[in-house]
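Undergrad: Which chain is which? The protein sequence lines are E and X, in order. Quick note: the first sequence uses the numbering used here, first residue 1, plus one each step. Quick note: the second sequence uses the numbering used here, first residue 1, plus one each step.
The hints are simulated quantities; they were obtained by calculation from the structure and are not laboratory data. Misleading hints may appear alongside valid ones.
Said to hold, decoys possible - From chain X, some residues computed to sit far from chain E (all C-beta separations above 12 Å): (1) G187; (2) V203; (3) T277.
Said to hold, decoys possible - Reference listing, derived: stretches of chain X covered by chain E, where coverage requires no fewer than 3 residues with Cβ under 8 Å from a Cβ of chain E: (4) 16-28; (5) 83-96; (6) 143-156; (7) 223-229; (8) 255-269; (9) 422-429.
Note that this is a predicted model, so its numbers are computed, not measured. Beta carbons are placed, not taken as given, at the ideal position from N, Cα and C, and that holds for glycine.
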Amino acid sequence: MSSPLPAPLRYLLQALAYAAFAAVVAYFSSSPLYRQLGDHEAVLKLSFSHSGQLKFACRERSAQELAKVEPNMRNKMDCPRERAAVLVELDMDGKPLYRVSTAPLGLRKDGAATVYRRLAIPAGAHQFNARLADGPDGVINYSRSISLDLAPGQVLIIDFLTGSGGFVFTHS
Amino acid sequence: MTTVTRFLRSADELATSTFDRAFEAAHNPWRHLGALAFLCLVLVVLSGIIAYALYDTSVSGAYQSGLRLQNDPSRLGRLLRGLHRYGADACMLLTLLHLVREGLRGHFRGVRWFSWLTGIPLLWLLWIAGITGLWLLWDERAIFSVTATAEWLQALPLGADLLARNFLTADTLNDRFFSLIMFVHIGMPLLLLAAMWVHVLRVSRVRIWPPRSLTRASLGMLALLALLVPVLSLGPADTGHVLQRLSIDWFYQFVHPLVDRLSAQSAWLLAAVLTLTLALLPLLRTREERPRAAARVDPANCNGCSRCVADCPFGAVTMVARTDASRHPAQAQVDSALCAACGICVGACPSATPFRRGEAIVSGIEMPQTPVATLRRELQRKMGALTGAHKIVVFGCRQAADFDVLADAATAVLTLECAAMLPPSFLEYAMRMGASGVLIAGCRESDCEFRLGDRWVKERLLGQREPRLRASAPLDRIEVVWSGRDMLDASAAVTKLRSRVLDLTGPDAHHPERINTK
Numbered sequence: 001m002s003s004p005l006p007a008p009l010r011y012l013l014q015a016l017a018y019a020a021f022a023a024v025v026a027y028f029s030s031s032p033l034y035r036q037l038g039d040h041e042a043v044l045k046l047s048f049s050h051s052g053q054l055k056f057a058c059r060e061r062s063a064q065e066l067a068k069v070e071p072n073m074r075n076k077m078d079c080p081r082e083r084a085a086v087l088v089e090l091d092m093d094g095k096p097l098y099r100v101s102t103a104p105l106g107l108r109k110d111g112a113a114t115v116y117r118r119l120a121i122p123a124g125a126h127q128f129n130a131r132l133a134d135g136p137d138g139v140i141n142y143s144r145s146i147s148l149d150l151a152p153g154q155v156l157i158i159d160f161l162t163g164s165g166g167f168v169f170t171h172s
Numbered sequence: 001m002t003t004v005t006r007f008l009r010s011a012d013e014l015a016t017s018t019f020d021r022a023f024e025a026a027h028n029p030w031r032h033l034g035a036l037a038f039l040c041l042v043l044v045v046l047s048g049i050i051a052y053a054l055y056d057t058s059v060s061g062a063y064q065s066g067l068r069l070q071n072d073p074s075r076l077g078r079l080l081r082g083l084h085r086y087g088a089d090a091c092m093l094l095t096l097l098h099l100v101r102e103g104l105r106g107h108f109r110g111v112r113w114f115s116w117l118t119g120i121p122l123l124w125l126l127w128i129a130g131i132t133g134l135w136l137l138w139d140e141r142a143i144f145s146v147t148a149t150a151e152w153l154q155a156l157p158l159g160a161d162l163l164a165r166n167f168l169t170a171d172t173l174n175d176r177f178f179s180l181i182m183f184v185h186i187g188m189p190l191l192l193l194a195a196m197w198v199h200v201l202r203v204s205r206v207r208i209w210p211p212r213s214l215t216r217a218s219l220g221m222l223a224l225l226a227l228l229v230p231v232l233s234l235g236p237a238d239t240g241h242v243l244q245r246l247s248i249d250w251f252y253q254f255v256h257p258l259v260d261r262l263s264a265q266s267a268w269l270l271a272a273v274l275t276l277t278l279a280l281l282p283l284l285r286t287r288e289e290r291p292r293a294a295a296r297v298d299p300a301n302c303n304g305c306s307r308c309v310a311d312c313p314f315g316a317v318t319m320v321a322r323t324d325a326s327r328h329p330a331q332a333q334v335d336s337a338l339c340a341a342c343g344i345c346v347g348a349c350p351s352a353t354p355f356r357r358g359e360a361i362v363s364g365i366e367m368p369q370t371p372v373a374t375l376r377r378e379l380q381r382k383m384g385a386l387t388g389a390h391k392i393v394v395f396g397c398r399q400a401a402d403f404d405v406l407a408d409a410a411t412a413v414l415t416l417e418c419a420a421m422l423p424p425s426f427l428e429y430a431m432r433m434g435a436s437g438v439l440i441a442g443c444r445e446s447d448c449e450f451r452l453g454d455r456w457v458k459e460r461l462l463g464q465r466e467p468r469l470r471a472s473a474p475l476d477r478i479e480v481v482w483s484g485r486d487m488l489d490a491s492a493a494v495t496k497l498r499s500r501v502l503d504l505t506g507p508d509a510h511h512p513e514r515i516n517t518k
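Using the sequences and the accompanying hints, generate a full structural model.
TA: If you want it as structure tokens, here you go:
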């Protein structure tokens, strides 16, 4: 059976226990530093939400087809809601960097196609070329190039806004 | 028990005994991890209420709010911010330690399954409350964390595909974001408090607060830490630039490096597997585990005194209207789903006395596997088999250790589910049967497997709790040792007791102050 420790020694041990706990809390609340990016790397974020073109053209329903449905449902035109997948290709310095074909959202595939991708790229001068195809034939119908000198840690955002004419490159 | 589990349990015992040396057993922080975590949560909530009053929930004001506190010349802001942040960090650390310790002690099995299972959501709630708090400062750490969390959430098939898009540029964010995060940051701790109430619902006499000495020292430590190592914001959130190396709060933001290392989907899978594993642990059965039947009430012998209700550590016994024609108005009733089969209720029952006449004595409440009659018969048999002088009877707790190794020609060992299962009258009975001394051996002090056993034993022997040891009992011949698995401790206690009874001459003296319950 271990004999009880003298009071001063007990108090000292208690103080050490509290100090050790405090040290663990203080240290891990801010340390060690987390390296999220290499020293000579910049960040590229490709992100957009874009609705592809309708996959099928509207067609006129025949009289037989219309007769099969209730009178209040007899819409002359049949316009399928499904949209085409959106294809995006991104080149950096003439080499493919990222390529993705995104299906539209929604149960009927009639929503927007969304893309979000974060990539670490080497800092420095680069030429970027972004291309997008949103038609059912998959032919590229939007393209834009830009030359940039990215500093380490700098963020380049590539968005796609139809109202702005296509790809938008944003960097601080 | 596997070798790994045995090793980890030994490590826990070592930690417990080491802390016992520095702190008193009852004030050992290792035994109050859950209560200390709760204390930290309360501290965080209280400091958070003040911080909220000083916080500006706007894109332009959020960062300045943090700076104002850290640069407050009176240092009160620094104290407030430090208490809030370090309290939250300590809360997570203590919660994890509490989880590990309870897990090592197998406290996910049996009647404790409910507390175990309801404890798992607490981890998630605490994590959400903590990480959203770090976003409110809107510094470089916050923009990194909020983006990384959004990217992680996007990996789930929830249709939140463009969550991270909200943080692409400064223009995409508005003041509503901070109101929303503040709502979550306040709502989670409220949910946490409610979930904690459920967590301890099936535990009677729950120790929500740590002992005062621990409370004072812990708060003092956190206050000192807040002043000496101030919590500082990083630079303001910048969507156009990323820091290569970043200071993060590893207690809550550990998930971001994990996602970077594993991939978002793998991190979700890992989180799901860990959560599910913890949730399924109560179904785990070891080969050594034997099913224990719940306590059983015998209405004919129950006088409705309700001592079993007062002593049950899990609230498994209640008083109900009588089902027989007895003159006593109530009788005990056991909820077998809540009963841990510890037998503490038997130790509390006034009818569980071996002095009653008749071979087939029945107590008002009994453990089916060890009825009082069997215990008395075993005591008689083992006492009869002793041949040595100065006979000692050891009543050992099964949860603490296998005390049978102490048995010899002059020492009889009887095993109980818990030391507090022993009605005090059995001590006198053993001495009436010819024992020179009686030793009660159990789990380490304040570490009873059934929570309250050591406390009830002490109080009953000191005459502070019913059923009391009679005032005329020869206390010099009684020894109590809370040895846990330490057989050296238990063996030393037998030697000490034998030596004391050897010294005793003449009629037994009554020295209540000499009772040794340590």
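Undergrad: It remains to establish, for every hint, whether it holds in the given structure.
TA: A quick look at each hint next to the structure:
1. G187: 23 Å, holds
2. V203: Its Cβ never comes within 12 Å of chain E, the nearest being 26 Å, so this holds.
3. T277: About 24 Å separates T277 of chain X from the closest Cβ of chain E, which puts it past 12 Å; holds.
4. 16-28: Coverage by chain E holds here, the residue count being 5 at a Cβ distance below 8 Å.
5. 83-96: holds (count 5)
6. 143-156: holds (count 3)
7. 223-229: Per the Cβ count (3), the hint holds.
8. 255-269: holds (count 3)
9. 422-429: Since 0 is below three, the answer is violated.
Of the numbered hints stated above, the single one contradicted by the structure is hint 9.
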